[in-house]
Amino acid sequence: MPEWTEHLRPRLAGLRLNPEREAEIVEELSQHLDQRYDELRAGGATTGEAHRLALEELREPEALAQQMRSLRQAHIPPPITPGAPTGRALAGLSQDLRYAARMLRKQPGFAAVAAVTLALGIGANTAIFSVVYGVLLKPLPFHEPERLVAVWHRAPGLNMPLLEQGAATYFTYRESGRVFEDIALWNIGEVSITGLSEPERAPALFVTDGLLGILRVQPLLGRSFTKEDDAPGGPLRAVLTHGYWKRRFGGAPGVLGRSLIVDGRPYEVIGILPPSFKFPRTDPAVLLPFRFNRAEVRVGDFSYRGVARLKPGVTLEQANADVARMIPLAFDRFPTWPGLTRKMFEEAGLGPNVRPLSQDVIGDVGRVLWILVGTVGIVLLIACANVANLFLARAEGRQQELAVRTALGASRSRIARELLSESVGLALAGGALGLLLASAGIGLLARLAPAGLPRIDEIRIDLLVLVFTLAISVLTGLLFGLIPVMRFGTASVVALKESARSASDAPARYRGRNALVVSEIALALVLLIVSGLMIRTFIALRRVDPGFVRPNEVQTFRVSISGALIKDPQGVVAAYEQITHRLEGVHGVVSVGLSSSVPMDGNSGKTPIFVEGFSEAGRAMPPVRGYKRVAPGYFETMGNPVLVGRTMTWTDIYQARPLVVITENLAREYWKTPAEALGKRITQSRENRWREIIGVVGNERDDGLDHAATATVYWPMLITEWWTEPIDVDRTVTYVIRSDRVGSPGFLRELQQAVWSVNPNLPLANVRTLDEIQAGSMAQTSFALVMLAIAATVALLLGSVGIYGVIAYVATQRTREIGIRMALGAQTGDVRRLFLRHGLLLTGAGIALGIGVALALTRVMSALLFGVSPTDPLTYVAVAMSLATVAFSATYLPARRASRVDPIVALRADV
Amino acid sequence: MTAIDTRMLDRELKKGSAELIILSIVEARARHGYEISKLIETRSAGQLKFHVASLYPLLYRLEERGWLQGRWVEKAGLRRRRFYSLTAEGRRVLARQRDTWRTFVHAMGLVTGVDHA
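Those protein sequence lines, which keep their order, are chains A and B. The first sequence begins at 142 in the working numbering and counts up by one. The second sequence begins at 24 in the working numbering and counts up by one.
Treat the hints as calculated values from the structure; they're not laboratory data. Note that CB positions come from ideal geometry on N, CA and C, so glycine has one too. Some hints could be false.
Computed footprint of chain B on chain A, listed as stretches where at least three residues anywhere in the stretch have a Cβ under 8 Å from a Cβ of chain B [what the hints assert, rightly or not]: (1) 173 to 179; (2) 188 to 200; (3) 205 to 212.
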């Protein structure tokens, strides 16, 4: 029996039948032909005749296909990709991924460049996300942190959105509150701890007895405070933090019940806190109870921070309403401070401001962090655009392969899935690499971060950060993978006929990559402008006159003389003077002064000021002004000029003369010129005596370089009639010492010896140079500047690589065209200009677009700026020019190479 | 009279008379492709003849339309064969086409004066 298959199959081949169906048809038709053959043989035909006649049944070669072409079965073939198992999505996926890995391994250079680019983008995002998560998003490390609130007041009439708590409001809210499970007060401070070895200045947390209970903190050893511990008159008790207990007592449990000399008074240690205890924005050594005397409490001092735990289900609105209800109760129950009246606070609009505790912890750092999030997001977008460009170029090279597979039956979705598997696979590799970069970057971040960045120890790569990295890797892969899919996912059979080269000659082909480059340049420009504005801010801050000169030559430290050490206020002043003279005697010291605080150290206070002859028309409460206590030598040492009059002498201070010095801006506010202010009188309370202005000095930037200078009154270190005190001395002061020996080895030790020669129980605390204090104040700006500069540099680098890549690619693609042009007489210059024009057009479009975006976006960061407008023309022009220069260089290199093409080689290459 | 020109038959296939022929052949019982072609040849006394290249595509088309149902039938010791039977829908179509054809032939007779009866 003849074999018919070889005659049948070619006739069916063009029909794209499913192979099973094709086999059935071949079988059925073969049977027919067999029977016909048998019949012919039976009728006497020879084998040859029978064979020929049977085959005539099939007629001309195309007849069968022609008849069948209109059939459905010849038109909807199920997808077939060589070797593909059908109908199992997951199996297909793993196959896609394996295929993708194989394809990428074949081009290690391409894969490496793309993965590293992505790693930069993803790594930066992971690092910043871990910071944002650790600082802003992660719940506070307390039980049910969402029920913890910071209890503030507001006084819009005094322009104070955040006014603290007083003992009077604390007692009132604790006794009559309906919304708080409990409320507590706290303050951070410093204490001298003596009797151990060297005297030590240690950070302390002053608390009311409810605080640890509110935070749900159980002591590791011993107990926490009871109401009795917090009451005046009883024994003094202290709780130690785990760190201090380990450091000073080696973790010995025997410390419980032991006595600790704090500020000259013996405290019994009653408890040790667990190592997990963290208090927002401070790391105290000891916790000490306030021990308010309820009988002496008055309304009017708002100088304690309040924290409370809300009863379950209570909202912030309810809490605020309840506090509003209780404010008048505080005035009913407690007298006001002399000189203050209930009416003053009513006029000031004293009201509640209860807000989540997390808001207190985070502070205003959120703004910088969110801007950084946006910044690294832009870097990732640029990285995506670059990789998308690489993929486009590669997909163009693979057009024929894709067309062949489409022709073999691979469906559009199948091809798309495969392209996406490659891009997602690559993005995952980039993500893994990025994670390594991020973990290195977090270490760097922690070092760069301003001291004020809260919760910095909570920043780490944890599970959520990993999930984030995975998510953005996949998203990134889809993002840059979709561009070639949209472009080539529909690879047509036409591409099969054309050669790869002629297929990519069309200018339309460059449109996608041109758009990518334009967006890259635009995004890079935005980041460069943002960094440029930060640099301008930084320069403007450096130029601000802070109220001192050459801060690197000024050493500062704080000294505290407790009542237990020297009771008599005059004696305290005498000690201050003695220390001053001993310090002056240290070799190399130019001058010495002391003050309750120096600019930007965070120790300055505020107090209301009444000015004689100014009625503060209709207002019971006068405006609050900066408050400092000074002794001789302060202004001279700082380098702050005395504009008119004189400063205080030791005699003025010992005699407690009613004299003050004020800043220039305060003088001008009331009397137009500093000279006019001399001899005028002011006071802080109408109940107290007037004090005469004897001098006007230059302004000090107490609230930071980026804030207006605070109008300040300098009161003498020793003062009579201070609120209710007949005589008052400031027991904690900052010494300022100017010397060119600052920072040299041994100098500090000599200063310390000078202090101890007066009294060996006086520890030095907060030992810093004025320069360091100033740097601390600029820390947030510096941090933002460094981070933005890094982001902008990466953006500029990626953007330049992008434009270089496109021009170089286009040049390669147009080699033949260049060859023809040059063969027809075009000069190298003409060809070079052709490409330079292309590059400049892209750059110009990118810059124009970028400026538009920057104008819209930079307004968001105006709060970070100082002395420069978000639309500062100089920054915009300078940045645009430098970007244009870099882009020009990136264009010039491939343009020059293109213009050196040998026409003969170029033309032959394409034949 | 010689066998009908095959090119003409192809045209007839398109017109639908071929469909009527096939449906009629399988009306009584299921038959395989070769049997169908043989029956057409014998019943038309050799005047109608379907080639493989015409017959099978037509069978597949009728199957796709749901008028025929093809089914592989295996018999012991023999190769399996594909048998085509009339579906309910095919039966209705056949009845309708017979009517149409009858009307057509009658009309042709009246117009052309060709009397075959």
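To see whether the hints hold, each was checked on the structure:
no.: 1; hint: 173 to 179; result: holds (count 4)
no.: 2; hint: 188 to 200; result: holds (count 4)
no.: 3; hint: 205 to 212; result: holds (count 5)
Hint compliance for this structure: every hint is met.
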